[in-house]
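Colleague: One-letter residues, chain by chain:
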Amino acid sequence: MNYYIEILVNLLSGLKITVIIFIFTFAFSIPLGLFGAILKRSQFVPLVKILDLYTWVIRGTPLLLQLYFMVFGLPMIFGFRVDRMNMAILTFIINYTAYFIEIFRGGMNSISKGQFEAYQVLGFSSFQGYIKIIIPQTVKKVLPTITNEAITLVKDTALVASVAILDILKITQRIVTADIRFEAYIVAALLYLGLSYGIVLVFRRIENKYAFYH
Amino acid sequence: MKILTVKSLTKTFQETIACQDISFSMDKGETLAIIGPSGSGKSTLLRMIVDLETPDSGEINLFETPCFPYKKHEKSDVYQKVGYIFQDYNLFDHLNVEDNLKIAMKVVQKKSTEFQETKVCNLLSMLDLQDKAKSYSSELSGGQKQRIAILRALALEPELLLLDEPTSALDVESIEGLIGVVSLLKQQGLSLLIVTHDITFAKKVSNRLLFMDNAHMNMEVKTDDIDDLTDERFSKFLKKN
Chain H
1 MNYYIEILVN
11 LLSGLKITVI
21 IFIFTFAFSI
31 PLGLFGAILK
41 RSQFVPLVKI
51 LDLYTWVIRG
61 TPLLLQLYFM
71 VFGLPMIFGF
81 RVDRMNMAIL
91 TFIINYTAYF
101 IEIFRGGMNS
111 ISKGQFEAYQ
121 VLGFSSFQGY
131 IKIIIPQTVK
141 KVLPTITNEA
151 ITLVKDTALV
161 ASVAILDILK
171 ITQRIVTADI
181 RFEAYIVAAL
191 LYLGLSYGIV
201 LVFRRIENKY
211 AFYH
Chain C
215 MKILTVKSLT
225 KTFQETIACQ
235 DISFSMDKGE
245 TLAIIGPSGS
255 GKSTLLRMIV
265 DLETPDSGEI
275 NLFETPCFPY
285 KKHEKSDVYQ
295 KVGYIFQDYN
305 LFDHLNVEDN
315 LKIAMKVVQK
325 KSTEFQETKV
335 CNLLSMLDLQ
345 DKAKSYSSEL
355 SGGQKQRIAI
365 LRALALEPEL
375 LLLDEPTSAL
385 DVESIEGLIG
395 VVSLLKQQGL
405 SLLIVTHDIT
415 FAKKVSNRLL
425 FMDNAHMNME
435 VKTDDIDDLT
445 DERFSKFLKK
455 N
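Sequence lines, in order, name chains H and C. According to this note's numbering, the residues represented by the first sequence are 1 to 214, in order. According to this note's numbering, the residues represented by the second sequence are 215 to 455, in order.
Be aware that one or more of the hints could be misleading.
To be verified - Between beta-carbon pairs, the in silico distance windows are: (1) Phe329(C) <-> Thr152(H): 46 to 52 Å; (2) Thr279(C) <-> Leu47(H): 32 to 38 Å; (3) Asp439(C) <-> Glu207(H): 58 to 64 Å; (4) Gln173(H) <-> Ser352(C): 50 to 56 Å; (5) Tyr185(H) <-> Thr327(C): 54 to 60 Å; (6) Phe44(H) <-> Gly394(C): 45 to 51 Å; (7) Leu47(H) <-> Asp441(C): 56 to 62 Å.
Keep in mind that the hints were calculated from the coordinates and are not lab data. Ideal Cβ positions, reconstructed from N, Cα and C, are used throughout, including at glycine.
In isolation and in its complexed conformation, chain H is listed as follows (with noise of 0.2 Å):
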C-alpha cells in the first residue's frame, strides 16, 4: 500500500501537467473552435478557404507529428530555442480549435433557417445574432460531442510524454524503468480514469442545466 501512495505522491506533479496542458487547450481552443465556424459560415471566400486548409491539414495529419514538429522541427527551422511545455500546449490548442471549429459548425448548420431569420427580421446584427440566439442553440446541440473531445483530450496529454515533458505518464515510465514493477501503471490508469470520470460528471451537470428546453 505504501508503495501505491509513493507513486501516486511522485505522480502528482505529472497530474498537475496533464490538468495545466487541458485547462489551456479547452479555454483557448472552444472560443477559437466558435469564432472559426462562425467565420466558415461567412461568405468571405478567401478567408474560407484558408480555414479549410487549415482543418484539413490538422485534421489529417497525427497530433503527435505536430507535436514533434513545433517542438523539435520550429527550432531548427528559426534556430531558436523554445520552452516544450508551451510549445506543447500551442500545438493542442492548434490542434483541438481544428476540430471544434468543425464541431460547432456542424451544430451552427443544423439550426433551422428560421431562427437566422427570425433575429434579422427582428433587428438584430448579425453579431447580436450569435451571441444571443444561435450560439446558445449551438453549445446545446454540441455538448455530448464536446464531452466527448474532452475525454480524448485527458488521453491526448499523454502524447507529451514523448518530447521529455514529464507528465503522469512520462513519470510513470521512469517510476517502471527505475523500480521495475508495474504498479505504477495502474496507478496512472486510476489517475486518467478519475480525470476523464470528473469530465463526464462536469459535462452532465452543465447538459441538464441546458435540458430545459427541447
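Since the structure of chain H is provided, determine the placement of chain C on it from the hints.
Modeller: Below, chain C without anything else, positioned relative to chain H:
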C-alpha cells in the same frame, strides 16, 4: 400616406420565376390580403418586403422611404417599423415566452429592464397569455406559438405587420381566435399585410384583396365584390379553397 409601395418587382430562383412585375401599394391603417394558390409567389413577395430575399429588379418603398434599390448607408430604420410573422412562427427555442418577447427590446432597442417587464406584462395580458410567460416553445400549441410570435413583433411597436400564411397550421378554433387578434390589431391602428390561401379568412379580415397566380399579380378585388367575380382563374381558385 402610402405605407408600402411596390413597383415592378421581379424575383427569379435559378430557372423559376417567383414574382414577375408585381406592383401594388398600401395605405396607412389598411388591411390588405394577398391571396392565391401555393407556389404563386406570395411568400417570396413578403420576404422581399422585409429584406429576407433580394429582388432582381423593381422598387420597394416603406413609409415613403426607398428600401430597394437602396444605398448602403440609407438602409435601416424603416425596417424597425415593420413586424413580420413567419408561417412557422420561429420562436427562439432556447428562450421562454417572456424572454422571446423581451430579447429584441433589450438587444436592439436597448430598453430598460423595467420597460421590458411592463411591456411584456401588457402584451401577454392583451391576448390573455399571462400563464404562458415561463413556457418554452415546445410546450405551446400552434395557435399559442402564433400569438406569441405576433406579440414578439408587437413588442417593437411596428406600424406595419406582415403575416405569412397565418392560418396554414391552425385548426378551426385557432383560426377564429386569430380573426379576433387581427381585429384587435386593426382597432389599434396597425396596417396589416396578410398573405394567405384561405379565402374565407381573407374575406373576414381584409378590406381589399390582391389575387396572385403563377408569379403574377392578376387582380385587385374589394372584399364585398368577391362573390360577383367571373374571372376563370380566380373562380377555379375559389372552388379549390
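Colleague: All hints are to be evaluated individually against the structure, with a verdict given for each.
Modeller: Comparing the hints with the structure gives:
| no. | hint | in the structure |
| --- | --- | --- |
| 1 | Phe329(C) <-> Thr152(H): 46 to 52 Å | 47 Å, holds |
| 2 | Thr279(C) <-> Leu47(H): 32 to 38 Å | 34 Å, holds |
| 3 | Asp439(C) <-> Glu207(H): 58 to 64 Å | 60 Å, holds |
| 4 | Gln173(H) <-> Ser352(C): 50 to 56 Å | 52 Å, holds |
| 5 | Tyr185(H) <-> Thr327(C): 54 to 60 Å | 58 Å, holds |
| 6 | Phe44(H) <-> Gly394(C): 45 to 51 Å | 48 Å, holds |
| 7 | Leu47(H) <-> Asp441(C): 56 to 62 Å | 59 Å, holds |
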